[in-house]
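Protein chains in written order, with our numbering: chain A, 447 to 809; chain B, 447 to 809; chain C, 447 to 809; chain D, 447 to 809.
Please note that a few of the clues may not be correct.
[Stated by the list, open to error] If you want the footprint, here are the derived chain D segments under chain B, 3+ residues with CB under 8 Å:
no., stretch
1, 472-479
2, 799-809
[As the list claims (entries may be wrong)] Below are the DSS-like pairs computed for lysine-lysine, each with C-alpha atoms no more than 25 Å apart in a straight line:
no., chain 1, residue 1, chain 2, residue 2
3, A, 467, D, 467
4, D, 467, D, 545
5, D, 521, A, 545
6, D, 545, A, 521
What the hints contain is simulated information worked out from the structure, not anything from laboratory work.
Idealized CB from N, CA, C, for every residue including glycine.
Here is what each chain is made of, one letter per residue.
There are 4 protein chains.
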Amino acid sequence: MASNSFGNVFKFTTWGESHGKAIGVVIDGCPAGIAITDADINAALALRAPGRNPYTSPRTESDKAEILSGVFEGKTTGTPIGILIPNRDADSSKYEPIKSMLRPGHANYTYLEKYGIFDYRGGGRSSARETAGRVAAGAIAKKLLEHHSIQVLAYIKQISTIEATIAASRFDTLHTLTYDSPLFCPDADATATMTALIEKAKTEGDSLGGVVEFMALSVPAGLGDPIYQKLEANLAFAMMSLPASKGFEIGSGFGSVTMPGSEHNDPFISDSDDVKTTTNYAGGILGGITTGMPIVGRVAFKPTSSIMKPQQTVTTTGESASFQLPVGSRHDPCVAIRAVPIVEAMVAIVLADALLLNRCARQ
Amino acid sequence: MASNSFGNVFKFTTWGESHGKAIGVVIDGCPAGIAITDADINAALALRAPGRNPYTSPRTESDKAEILSGVFEGKTTGTPIGILIPNRDADSSKYEPIKSMLRPGHANYTYLEKYGIFDYRGGGRSSARETAGRVAAGAIAKKLLEHHSIQVLAYIKQISTIEATIAASRFDTLHTLTYDSPLFCPDADATATMTALIEKAKTEGDSLGGVVEFMALSVPAGLGDPIYQKLEANLAFAMMSLPASKGFEIGSGFGSVTMPGSEHNDPFISDSDDVKTTTNYAGGILGGITTGMPIVGRVAFKPTSSIMKPQQTVTTTGESASFQLPVGSRHDPCVAIRAVPIVEAMVAIVLADALLLNRCARQ
Amino acid sequence: MASNSFGNVFKFTTWGESHGKAIGVVIDGCPAGIAITDADINAALALRAPGRNPYTSPRTESDKAEILSGVFEGKTTGTPIGILIPNRDADSSKYEPIKSMLRPGHANYTYLEKYGIFDYRGGGRSSARETAGRVAAGAIAKKLLEHHSIQVLAYIKQISTIEATIAASRFDTLHTLTYDSPLFCPDADATATMTALIEKAKTEGDSLGGVVEFMALSVPAGLGDPIYQKLEANLAFAMMSLPASKGFEIGSGFGSVTMPGSEHNDPFISDSDDVKTTTNYAGGILGGITTGMPIVGRVAFKPTSSIMKPQQTVTTTGESASFQLPVGSRHDPCVAIRAVPIVEAMVAIVLADALLLNRCARQ
Amino acid sequence: MASNSFGNVFKFTTWGESHGKAIGVVIDGCPAGIAITDADINAALALRAPGRNPYTSPRTESDKAEILSGVFEGKTTGTPIGILIPNRDADSSKYEPIKSMLRPGHANYTYLEKYGIFDYRGGGRSSARETAGRVAAGAIAKKLLEHHSIQVLAYIKQISTIEATIAASRFDTLHTLTYDSPLFCPDADATATMTALIEKAKTEGDSLGGVVEFMALSVPAGLGDPIYQKLEANLAFAMMSLPASKGFEIGSGFGSVTMPGSEHNDPFISDSDDVKTTTNYAGGILGGITTGMPIVGRVAFKPTSSIMKPQQTVTTTGESASFQLPVGSRHDPCVAIRAVPIVEAMVAIVLADALLLNRCARQ
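Full structure from sequences and hints, please.
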């Protein structure tokens with residue numbers, strides 16, 4: 447029930463506000479024996495860092511995560527892994543002028559309604575900075591999955607109206623193409639067009655939405671649980687907990703609506719002692735449990751709520767006001783790009799949890 | 447972690463297979479003092495019953511739920527509410543010929559991979575019959591919400607390529623229009639077109655997908671939790687746990703991707719001491735917590751997997767086979783229609799849970 | 447959080463009131479492949495049934511449990527196991543005269559304070575009848591443990607001032623001695639003395655307390671979890687959730703208080719490739735995790751609260767009153783005896799849960 | 447399920463090893479609006495610090511906890527409260543000579559059996575140092591309870607064979623007497639005798655057990671939950687999760703076993719519009735729910751496992767060995783004393799959780 451925790455067996459809890467002293471994450475339930483270092487965590491964090499490309503927020507976070515517990519002589523011990531990420535470069539003074547205004551598209555109003563108090567500096571707890579903890583936990587989950595030969599990947603599928611063509615199907619190729627793109631988009635042509643769009647939005651002080659697609663390969667059949675802990679339900683739960691996400695699809699997703707059943711049902715075939723399907727509209731999951739085919743899904747992200755244009759709003763005391771972000775504010779014209787490694791982390795975490803829990807399925 | 451339970455404070459657990467002796471649900475954490483009767487439960491179940499319209503499965507379930515505990519002198523007592531629904535009309539013999547075949551689009555393969563054993567009769571545990579328990583729990587959740595003046599509704603927004611126009615915005619009107627339609631679609635013209643499509647699919651032994659839209663009105667601001675128990679995350683978790691669901695959206699959903707932030711951010715205004723927004727692309731939720739505006743979202747359902755057309759598959763021992771449902775099998779050409787009251791129930795359950803949990807938000 | 451559920455992976459939920467239509471239990475998370483029948487459940491229930499010996503309550507419950515789901519062709523399928531036990535012989539009329547009186551030692555006052563409503567008939571939800579569900583779940587847990595060669599047993603260690611001498615240490619002998627005694631006491635001499643005491647209490651309309659000792663043998667080292675899910679913490683949680691339990695001990699228990707550390711620390715020795723300890727004051731657990739030595743603990747049960755003597759009390763409206771159970775009321779002079787199979791069931795459940803969860807301890 | 451978390455609504459997670467870089471705690475679910483400072487936390491930690499009296503371990507921990515999140519402008523915000531306590535004075539080198547020996551009464555053997563790896567330095571995760579996080583969480587829980595006028599207290603009831611006489615019944619007096627004693631024992635005469643015993647044990651390199659009694663006053667009737675989340679079950683779960691605890695009692699506890707029911711049942715009386723009982727053998731709880739009378743219970747702690755005497759053991763490779771703590775090792779002759787503020791913290795946490803959860807009991 448704790449609203450700051452995620453997972454069943456492989457479970458983590460994040461804490462911290464954007465402009466507080468630090469943020470952190472505790473991973474509880476991580477199996478013993480996984481080799482992990484501070485460097486592994488920081489490499490993962492670097493991918494989501496602003497400044498990796500010119501179109502994400504210029505804040506120089508230079509996160510330096512430190513593993514404070516749960517790892518001994520380079521390996522996890524089964525005890526909780528506490529990771530600390532100090533906050534730096536947090537100038538809260540610029541938030542003073544707008545602290546009594548409801549920020550359109552942001553959560554300061556709703557937190558105030560719920561709790562009666564809100565640390566407004568930098569978005570406080572509702573800041574996307576919280577996702578650093580997810581990425582750290584995801585780095586460990588990925589190590590576990592790698593040990594079991596499971597691969598996960600996320601990439602930009604769409605920005606605004608521009609949709610990428612995903613030509614590759616092999617993990618290695620797709621991975622290289624994705625990380626070669628400053629936008630994490632494995633389609634170079636689309637990357638160019640998207641870049642122009644983002645440049646334009648940035649100039650106009652506006653923002654764009656995007657779709658992140660995720661994939662998991664070499665997942666054995668039989669993972670996941672029926673009914674309420676369906677793998678796709680847990681993936682949706684994970685993705686809809688991300689800041690700015692507005693939609694989730696698995697496999698054919700909303701596209702399935704206009705398909706006839708005779709086309710949508712993936713036919714089963716035998717393939718060298720393995721059962722496969724000739725198509726994969728299911729997205730690798732049937733009845734909440736994996737089929738052994740690739741897991742594929744998508745997450746929709748709204749255009750970044752922080753824009754430089756003035757916006758109509760009211761103050762916390764109900765007076766009309768014009769909301770204007772201070773000059774020099776961080777401004778990330780397309781939040782979907784930074785979401786890519788976070789989506790990847792959450793997929794890894796959901797799968798790691800399912801992998802462990804599945805060990806209890808039989809006598 | 448239990449995969450057959452849902453909810454935090456207002457929590458329920460379902461059990462039972464399609465062709466077992468009975469199915470049931472236990473609601474644990476329901477507050478004391480709610481007036482509820484067997485008739486209330488059965489009225490809710492009747493809405494999802496096949497046979498309500500000619501386009502849903504002809505099985506005459508005639509469910510008769512009985513409250514066996516947790517209600518005394520007509521009111522809930524705070525103790526667990528056990529509800530039993532006996533199974534009838536379950537002729538399992540017709541499943542014999544196909545019991546060793548993997549059913550395309552179904553879960554018998556994945557259950558077998560996970561557990562090594564599967565009660566294949568009528569789809570066993572993976573049957574949509576499980577959702578009766580959700581509807582029963584939802585009927586009680588709705589009573590609690592009504593007590594707090596919160597209204598929930600779901601309806602058909604789209605079937606195959608036909609999209610309904612939702613003209614009404616008042617709950618009462620929308621409710622009446624929805625329940626006047628045999629398809630739960632508040633647009634009479636669309637209902638007619640959809641009916642023709644369904645009729646055609648039925649004749650062809652094929653099936654259609656659909657979109658169910660849900661709505662919650664008069665929800666106070668401040669409900670829901672930040673980070674991992676975001677209200678939209680819990681709604682997504684609920685909806686993606688439904689059989690045949692392939693996608694979930696809140697507010698603008700996937701449509702937000704092509705909008706600029708300057709348009710998508712809902713401007714705040716003061717409205718007679720209340721804070722409102724002039725648009726509601728957020729779908730009534732910011733940062734996981736309600737704004738007080740209507741909660742609106744959508745769920746995509748794939749075309750029914752059970753079709754009368756022959757399909758390619760393999761047997762459990764890996765031989766190629768042609769899968770053919772026996773003549774006279776139940777066949778529901780559009781599962782989205784029956785999903786309407788189930789979506790409504792899950793929305794009610796998620797909100798009831800959030801309503802209760804929110805009482806712990808302040809000292 | 448659900449207050450009517452117990453367990454993590456091997457989890458069950460009970461429902462039902464003493465004089466309602468039925469009671470039941472749902473076991474969720476039971477692994478697939480366990481052979482179980484109605485007869486197995488009913489054999490376990492028979493042991494806790496009143497009427498097994500002349501000193502327990504004369505109500506002829508003649509429980510007939512029926513497995514309604516989760517078992518197919520004689521084996522568990524991994525889906526939830528729903529078990530129903532209809533209530534019979536429930537004459538509620540005799541409770542009418544005392545329904546507005548606070549029952550000393552009972553929970554009707556506290557339930558009323560909490561919920562504002564109480565099904566007083568036969569003690570309602572607070573009746574020990576709820577424990578039938580635990581015994582049913584325990585019967586399945588025991589099957590799982592047996593598959594892994596783990597043995598559990600409980601027996602009467604003390605009634606009032608009479609303490610039994612436990613001479614045997616082999617499971618089989620102890621088991622036979624226990625079940626040969628109408629009081630579940632493996633010491634025949636003590637059984638005789640205890641019987642006389644109980645007879646006297648019964649004649650006087652009074653009641654006696656007792657201590658139940660439990661034991662688990664052949665438990666592998668390494669089960670259980672550190673810190674908050676320590677095996678002894680889960681055992682204590684289980685035992686203190688039993689009606690009438692007032693205390694819990696593991697190993698040396700309260701007796702450890704007067705021992706010096708140099709005596710209490712169990713010395714480790716090597717025994718044919720196994721590590722053992724020469725004494726077992728730890729009770730088979732160190733730091734929450736099993737050592738491989740026998741798990742031993744004890745539970746204190748207060749004297750039955752239902753006595754035939756008149757007692758001082760007040761009514762629900764605050765007036766002084768004399769409380770008198772109606773002539774012919776059920777009256778169980780020593781609740782500890784009936785608690786024996788329930789304690790045994792709870793030990794089995796806690797161990798089954800730990801056994802499964804332990805599969806996630808390593809990469 | 448996470449084994450390093452405790453609580454339902456008011457939930458916390460601890461992390462960290464004795465000789466790692468730091469330990470910490472995250473409190474998730476703490477209501478907004480509670481005034482709390484670093485100083486409050488550190489004052490609570492000081493009470494459990496070694497060095498408060500000459501009979502606890504001489505390690506100069508000088509803990510300096512820092513609140514890193516969840517508090518804004520001096521008040522809790524409803525977001526998770528991250529607290530960090532750096533480790534100092536941790537010389538691990540002295541553990542080198544004994545790192546491959548099973549420590550009698552300790553958990554290094556069981557952790558190794560479970561995880562295959564163990565951070566042996568200073569007892570690693572199994573060190574009582576973990577309890578600092580509990581005390582920090584308890585300090586916040588107490589603030590919440592104080593706001594609702596609930597008082598909690600723990601004190602030494604017995605050390606070895608010496609039992610204290612608890613003469614006072616008023617909270618203030620008892621509190622003063624307790625904190626005036628270097629042993630947290632409100633009986634000055636007993637304190638003197640116990641001191642002599644401890645002095646002797648220390649000289650002999652041996653250790654003593656003890657009983658801590660706890661009390662909660664002004665608790666409203668109706669808190670707690672029936673069946674599995676009974677308040678006494680949660681208290682037992684909390685207490686048996688403490689290092690070195692071997693037993694738990696509520697109210698009359700094991701003493702109830704030799705009482706007749708006619709004496710044990712607490713008679714209800716009316717007292718100026720309040721319902722009370724003339725005795726309190728129940729310990730303030732009936733059926734898992736509070737009666738409004740004082741909650742009273744006891745926890746048994748075994749004699750400290752770390753003693754200076756040589757002990758028989760085996761190495762991790764199975765050879766016989768003599769275990770001898772290095773000269774100058776920390777040595778706490780009676781762990782029960784340091785447990786007093788920890789027991790108090792756990793009582794506060796269990797009650798805070800019950801207080802919040804109780805808000806969901808009625809419609």
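Against the structure, the hints:
1. For the stretch 472-479 of chain D, the stated coverage by chain B holds: 4 residues have a C-beta nearer than 8 Å to a C-beta of that chain, and at least 3 were required.
2. Counting residues of the stretch 799-809 of chain D whose beta carbon lies closer than 8 Å to any beta carbon of chain B gives 7, which reaches the threshold of three, so the coverage claim holds.
3. The hinted pair formed by residue 467 of chain A and residue 467 of chain D meets the criterion: a straight-line CA distance of about 18 Å does not exceed 25 Å.
4. This hinted pair checks out: residue 467 of chain D and residue 545 of chain D have alpha carbons roughly 19 Å apart, not beyond 25 Å.
5. The suggested pairing of residue 521 of chain D with residue 545 of chain A holds, with an alpha-carbon distance near 17 Å, which does not exceed 25 Å.
6. A C-alpha spacing of about 17 Å is found between residue 545 of chain D and residue 521 of chain A, which places the hinted pair at or below 25 Å, so the restraint holds.
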